[in-house]
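Visitor: Given chain A's structure and the hints, the job is docking chain B onto it.
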Amino acid sequence: MPGEPDPLYVRARAALLDATDALAAQIDALVLVGAQAIYLHTGDAHLAVAEYTTDADFTIGPAELHDSPLLAELLTARGFTTREHPGGWLSPDGIYVDLMVPEALAGAGTRGARLGVHGKRVARRAKGLEASLVDHAPMSITALDSTDPRSVTMQVAGTGALLIAKVHKIHERTAAGDRVRDKDALDVLRILQAIETSFLSQRLDHLRAHELSAAVTDEGIAQLAPLFGRIDAVGVEMAIRAAGVGADPDTIAASMTALVSDLLAEL
Amino acid sequence: MSSKRLPSETRIIRDVERVLAQSIPPAWSLKTKSETPGKGKRIDLLVEVTSPDGEIARFAIEVKRTIEPRSVPMAAEQISMLTTSTMPEAIPVVAAGYLSARTRELLNDFDVGYIDTTGNIRIESSAPGLFVLTQGADSDPWPQDVDLRSLRGRGAARAIRAIIDTAPPFGTRELAGATSASAATLSRVLELLEREAIVTRQPRGPVLAVDWKAAIRRWAEDYDQTTSNTATTFLDPRGIPSIEKKLQTTKLAYAATGAFAAQRFNPIAPARTATLYVDDVTKTADRLGLRETEAGANVVLLEPFDPVVFERATTRDGLRCVAPSQLAADLLTGPGREPSQGEEILEWMQENEDAWRT
Numbered sequence: 001m002p003g004e005p006d007p008l009y010v011r012a013r014a015a016l017l018d019a020t021d022a023l024a025a026q027i028d029a030l031v032l033v034g035a036q037a038i039y040l041h042t043g044d045a046h047l048a049v050a051e052y053t054t055d056a057d058f059t060i061g062p063a064e065l066h067d068s069p070l071l072a073e074l075l076t077a078r079g080f081t082t083r084e085h086p087g088g089w090l091s092p093d094g095i096y097v098d099l100m101v102p103e104a105l106a107g108a109g110t111r112g113a114r115l116g117v118h119g120k121r122v123a124r125r126a127k128g129l130e131a132s133l134v135d136h137a138p139m140s141i142t143a144l145d146s147t148d149p150r151s152v153t154m155q156v157a158g159t160g161a162l163l164i165a166k167v168h169k170i171h172e173r174t175a176a177g178d179r180v181r182d183k184d185a186l187d188v189l190r191i192l193q194a195i196e197t198s199f200l201s202q203r204l205d206h207l208r209a210h211e212l213s214a215a216v217t218d219e220g221i222a223q224l225a226p227l228f229g230r231i232d233a234v235g236v237e238m239a240i241r242a243a244g245v246g247a248d249p250d251t252i253a254a255s256m257t258a259l260v261s262d263l264l265a266e267l
Numbered sequence: 268m269s270s271k272r273l274p275s276e277t278r279i280i281r282d283v284e285r286v287l288a289q290s291i292p293p294a295w296s297l298k299t300k301s302e303t304p305g306k307g308k309r310i311d312l313l314v315e316v317t318s319p320d321g322e323i324a325r326f327a328i329e330v331k332r333t334i335e336p337r338s339v340p341m342a343a344e345q346i347s348m349l350t351t352s353t354m355p356e357a358i359p360v361v362a363a364g365y366l367s368a369r370t371r372e373l374l375n376d377f378d379v380g381y382i383d384t385t386g387n388i389r390i391e392s393s394a395p396g397l398f399v400l401t402q403g404a405d406s407d408p409w410p411q412d413v414d415l416r417s418l419r420g421r422g423a424a425r426a427i428r429a430i431i432d433t434a435p436p437f438g439t440r441e442l443a444g445a446t447s448a449s450a451a452t453l454s455r456v457l458e459l460l461e462r463e464a465i466v467t468r469q470p471r472g473p474v475l476a477v478d479w480k481a482a483i484r485r486w487a488e489d490y491d492q493t494t495s496n497t498a499t500t501f502l503d504p505r506g507i508p509s510i511e512k513k514l515q516t517t518k519l520a521y522a523a524t525g526a527f528a529a530q531r532f533n534p535i536a537p538a539r540t541a542t543l544y545v546d547d548v549t550k551t552a553d554r555l556g557l558r559e560t561e562a563g564a565n566v567v568l569l570e571p572f573d574p575v576v577f578e579r580a581t582t583r584d585g586l587r588c589v590a591p592s593q594l595a596a597d598l599l600t601g602p603g604r605e606p607s608q609g610e611e612i613l614e615w616m617q618e619n620e621d622a623w624r625t
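The listed protein sequences derive, respectively, from chains A and B. Going letter by letter, the first sequence gives residues 1 to 267 in my numbering. Going letter by letter, the second sequence gives residues 268 to 625 in my numbering.
Isolated chain A (complex conformation) (with noise of 0.2 Å):
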């Protein structure tokens, strides 16, 4: 549908822009993950978005990022604070910025990731990442407000990645019995509609045969069925919770199964 798109999205994109134009100097060691991204792919830009939609969450390589500058010292230069966590930043505008380092490349430690000289506060270790770093591509980024001239050109992690990103996050989560946001699930269904199946599998196959991402992904594949494979699953319930009142649950439900299904038949 034509129209504008919502505020708050517009917002979150230009958080997005505020980082990427603080760390253009290590823009090669950045790859956009989460939310953001997913609408990238999906085209979802009009879609009404809740508060915590909008955060933009970046996975760093260690491989790519130079000893300097020192991603803490771009960021506090143009006004982003830390908050509690380590890799927890807040734009000048308030929305959230997570800089995050896969577990396999995030050295010893429970929270913060090891980053050499720019220490183990910068950035947090999450497990799932990894295939970020092997399916990603650029992407041209707007700004989505007309009277904001920015745009960026960096590396965007592919759908395959997205979807094994969101499915350990979601089982981590459920798992630990931590607070979990819905809307994760209804990326997850996102991903799944847009996308076509057999592309999808493709990207999942590409990712099973690389040494960084294959662990991973195989265990995001087993989650699938037990999270998303039946119509009362957790994760079902989930995306049904978030896509509100003007959904049918069981359209939600339904069209959750099928394409679950329809893509580990593939795999």
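Don't read these hints as lab results, they were simulated from the structure. Do not take every clue at face value.
As the list claims (entries may be wrong) - For the chain A half of the interface with chain B, some residues (derived, Cβ under 7 Å), not all of them: (1) Q193; (2) T197; (3) A254.
Glycine included, each C-beta is placed from N, C-alpha and C at the ideal position.
Guide: Relative to chain A, chain B alone:
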């Protein structure tokens, strides 16, 4: 169906008194008077309703055994004039054994109250303040089967669609030549619509005016989107946007209707279901990659009751949609919130008459 005998006028007067007595507020009282002052034509029934404070409202009631919509103007004028000349403080009312929805609507337009023996009542008085509005039967308990009474069926649908979609004046033969409707059916349907005061025509001559909104509503009494057509439900797991995309390039014969098509005329709420008329349900489901389902369906394929549903379909924003007259009838008789969207389409049709009426 055999026709039951119409009750006599005396019987109707008694029944009118009875239903009226049952519907006034508890503390009020009702008295009927058979004698009326004045000479010449007399008032059939005079009713006095007394409020708890002792104020009296008088209703002058013209009683008919039966009254068709086209007789309303004359009956309304008659009772109004009679009341003005013999008892100006009384309120004019028309009563009959049964009054159809169309008859009641017209009486209301003429500012005349009405009562029928099945309990359809609308009477109003300002001093004392009294307003009675009750709902009785929806269909005539005493149908007289001399004329076409229903717009059910394929022939009637072709005729009504042609009559609605064509700007008058037009002749029956001319219209039959230009559309898929037969002259014989057109003529019977026009007679029905004329009796219901929906079309005006010269005696044995062309149709001069059509109240197209009333014609659509009349058709919707006998037609039903989900039961007149054969519906099968499906799931497109990729959602409505995916169906829209596939339909933009398909060579399949289809026409969208319901909320899905309504969105193309008046984009208010996104449709949760895509409803399509198709000529081959199995082939369409196969080509569009739909899965048959009962729970969670988001696509409804309708095997049409007649190919007339495809007539005068237009492409709007990449989607082939049924003609507005078909869409309005489908929405008014559709599921969920569709009837209220039907009212919105009628408004759109009012504002864009040149776009769909030729």
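Visitor: State the violated hints by number, sorted upward, taking the hints as numbered earlier in the document.
Guide: 2
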